[in-house]
Amino acid sequence: MIELEGLTKRYGAKVAVDHLTFAVRPGIVTGFLGPNGAGKSTTIRMILGLDRPTAGDVRIDGTHYDRLRDPLTYIGALLDAKAVHGGRSAWNHLLCLAQSNGIPERRVAEVLETVGLTAVARKKAKGFSYGMGQRLGIAAALLGDPRILMFDEPVNGLDPEGIHWIRNLMKSLAAEGRTVFVSSHLMSEMALTADHLVVIGQGRLLADTSMADFIRTNSRSYVRVRSPQRERLLDVLHQAGITVVEADGGALEVAGGKAEQIGELAARYGLVLHELSPRQASLEEAFMQLTAEAVEYHAQAGPAPTPQDWGAGWKGV
Amino acid sequence: MAAVQVIRSEWTKIRSVASTVWTLSLAVVVTVALGTLICALSSRQFANMPARERFSFDPTAVSFAGMTLGQLAMIVFGVLVVSTEYSTGMIRASLAAVPRRGTFLFCKVAVAAALALAVGMVTSFAAFFLGQAVLGSHRAAIDDPGVLRAVFGGGLYMTLIAMFSMGVATMLRSPMLSLGILMPFFFLISNILGNVDATKKVGRFLPDQAGSRIMRVVPRVADDTPYGPWGGLGIMALWVVAALAGGYLLLRRRDAQ
Numbered sequence: 001m002i003e004l005e006g007l008t009k010r011y012g013a014k015v016a017v018d019h020l021t022f023a024v025r026p027g028i029v030t031g032f033l034g035p036n037g038a039g040k041s042t043t044i045r046m047i048l049g050l051d052r053p054t055a056g057d058v059r060i061d062g063t064h065y066d067r068l069r070d071p072l073t074y075i076g077a078l079l080d081a082k083a084v085h086g087g088r089s090a091w092n093h094l095l096c097l098a099q100s101n102g103i104p105e106r107r108v109a110e111v112l113e114t115v116g117l118t119a120v121a122r123k124k125a126k127g128f129s130y131g132m133g134q135r136l137g138i139a140a141a142l143l144g145d146p147r148i149l150m151f152d153e154p155v156n157g158l159d160p161e162g163i164h165w166i167r168n169l170m171k172s173l174a175a176e177g178r179t180v181f182v183s184s185h186l187m188s189e190m191a192l193t194a195d196h197l198v199v200i201g202q203g204r205l206l207a208d209t210s211m212a213d214f215i216r217t218n219s220r221s222y223v224r225v226r227s228p229q230r231e232r233l234l235d236v237l238h239q240a241g242i243t244v245v246e247a248d249g250g251a252l253e254v255a256g257g258k259a260e261q262i263g264e265l266a267a268r269y270g271l272v273l274h275e276l277s278p279r280q281a282s283l284e285e286a287f288m289q290l291t292a293e294a295v296e297y298h299a300q301a302g303p304a305p306t307p308q309d310w311g312a313g314w315k316g317v
Numbered sequence: 001m002a003a004v005q006v007i008r009s010e011w012t013k014i015r016s017v018a019s020t021v022w023t024l025s026l027a028v029v030v031t032v033a034l035g036t037l038i039c040a041l042s043s044r045q046f047a048n049m050p051a052r053e054r055f056s057f058d059p060t061a062v063s064f065a066g067m068t069l070g071q072l073a074m075i076v077f078g079v080l081v082v083s084t085e086y087s088t089g090m091i092r093a094s095l096a097a098v099p100r101r102g103t104f105l106f107c108k109v110a111v112a113a114a115l116a117l118a119v120g121m122v123t124s125f126a127a128f129f130l131g132q133a134v135l136g137s138h139r140a141a142i143d144d145p146g147v148l149r150a151v152f153g154g155g156l157y158m159t160l161i162a163m164f165s166m167g168v169a170t171m172l173r174s175p176m177l178s179l180g181i182l183m184p185f186f187f188l189i190s191n192i193l194g195n196v197d198a199t200k201k202v203g204r205f206l207p208d209q210a211g212s213r214i215m216r217v218v219p220r221v222a223d224d225t226p227y228g229p230w231g232g233l234g235i236m237a238l239w240v241v242a243a244l245a246g247g248y249l250l251l252r253r254r255d256a257q
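Read top to bottom, the protein sequences are chains D and G.
Under the working numbering, the first residue of the first sequence carries the number 1, and numbering increases by one thereafter.
Under the working numbering, the first residue of the second sequence carries the number 1, and numbering increases by one thereafter.
Any given hint could turn out to be false.
Covered stretches of chain D, going by a simulated chain G footprint (3 or more residues, C-beta under 8 Å) [unchecked claim]:
1) 48 to 54
2) 84 to 91
3) 100 to 107
4) 183 to 193
Derived from the structure by calculation, the hints contain no laboratory data.
Predicted model only: the values in this text are computed from it and were never measured.
Cβ coordinates follow ideal geometry from the N, Cα and C atoms, glycine included.
The following block holds chain D by itself, in its conformation from the complex (with noise of 0.2 Å):
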């Protein structure tokens, strides 16, 4: 369990983190989710106690984070920021951390072998590619056991194969009863992995909920439908009192999910239908409606991006 209070960080007049009070409850995975520098990888470092916040308190399992004997037991963290000596090889990166944590030996080894880095276990961290580095990251955050884990962006440069990998750990880790706390800019990957929601945007809290509530509140589902007798068409969905919205290339949209009842009618009047297709407005929308107000760095350059390819987006992945 982690405990926010009021937690706060200034870097001279700008504010960087704002007052955030959230718990991170275990047995689930719970997404840390905002826009690029929303804040997201400083409260993290608070949490760990690497930065110190301006006003307000974190606790880990009621306790500060630099009063926990052995850190490393109670939680373990892949940072956004690389955190290697290249110089070192992975074995003597994951036992210099074991020995200050108390932690026995033979755990670098296993955790080697979860991450799968065993054959290069001797060779310099410097020569390892993206994909290496943040699997040696996992390992030296799975080190000491922890029934505290958090992720900083851990999907980050990994290919489809190594993230898939690490959803499944999450997933699994979560499973296990533990605490399990991932930061991300991307909604399609929280929709994925997450069950809990906290959606941040420059330093203030915006959301805190469950997946399922928030899907439930932030995605309108309706029907699309398409037919070359229009007309005839709209005067029979209107008659048997349904709302319908004009939509673009001739199609219609009726919210709601009432696709079988649109079908029984079209067959009743003798209507020809060339599309009949309930859809979701995408969670990825949602989102950037949420943040909109609150994204930093608006881009500058193009027009709005169509819903719709947001959708395509996540369902995509």
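With chain D held as given, fit chain G onto it using these hints.
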């Protein structure tokens, strides 16, 4: 957080990077080789020296002449031990593992200083015995008065210069900045300040000027240095304490990045 665990961890860190090996071997080789060379030259030139110089000829100190260059390798060692934590980003992993920053710094400095002491003692004794061997009839013996103190002192001097560098690097964090300040300071500036009449009174209280007094056995003619060998080393130790205290205060206050 047992300090013993952190000491073991820091030992693993220091022995698993190449820079430890090359900086410390360079310190030994340069100090001993240059000291021996200068002893050989002095031995030949002795007959041509003015009487004044012959009178204050200090065979022990001459065998430590390589220290002016060899100490630079010790400075690089001290700087790299601390500053590579920052330049590589390792400091984030290190402080997440050992969040008590006082414990972290104390253990890191203790391990590096112990290693520097071992290497410093080997260097100092090797420089002395090899130097005396080539000095021939002008040589000093290890049991002459003050000689053993000077040879031990040479090892302590190398340890303290490495520790001072660790303190400065903790304050500055950047390896380039730390080396850019310490190397010219100890190679040139301090020597000038300590020997030019106008600045001598202040300059001889600088860490290396004060600390190197312990390696002299025969006092210079008309020496008016206001401290003895151990006093000088004490002054250097105070500089080390100040540098490490400054490093600790900044480390405790700053964000780790």
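Check: Going through the earlier hints one by one, which of them does the structure break, listed in rising order?
Finding: Those not satisfied come down to hint 4.
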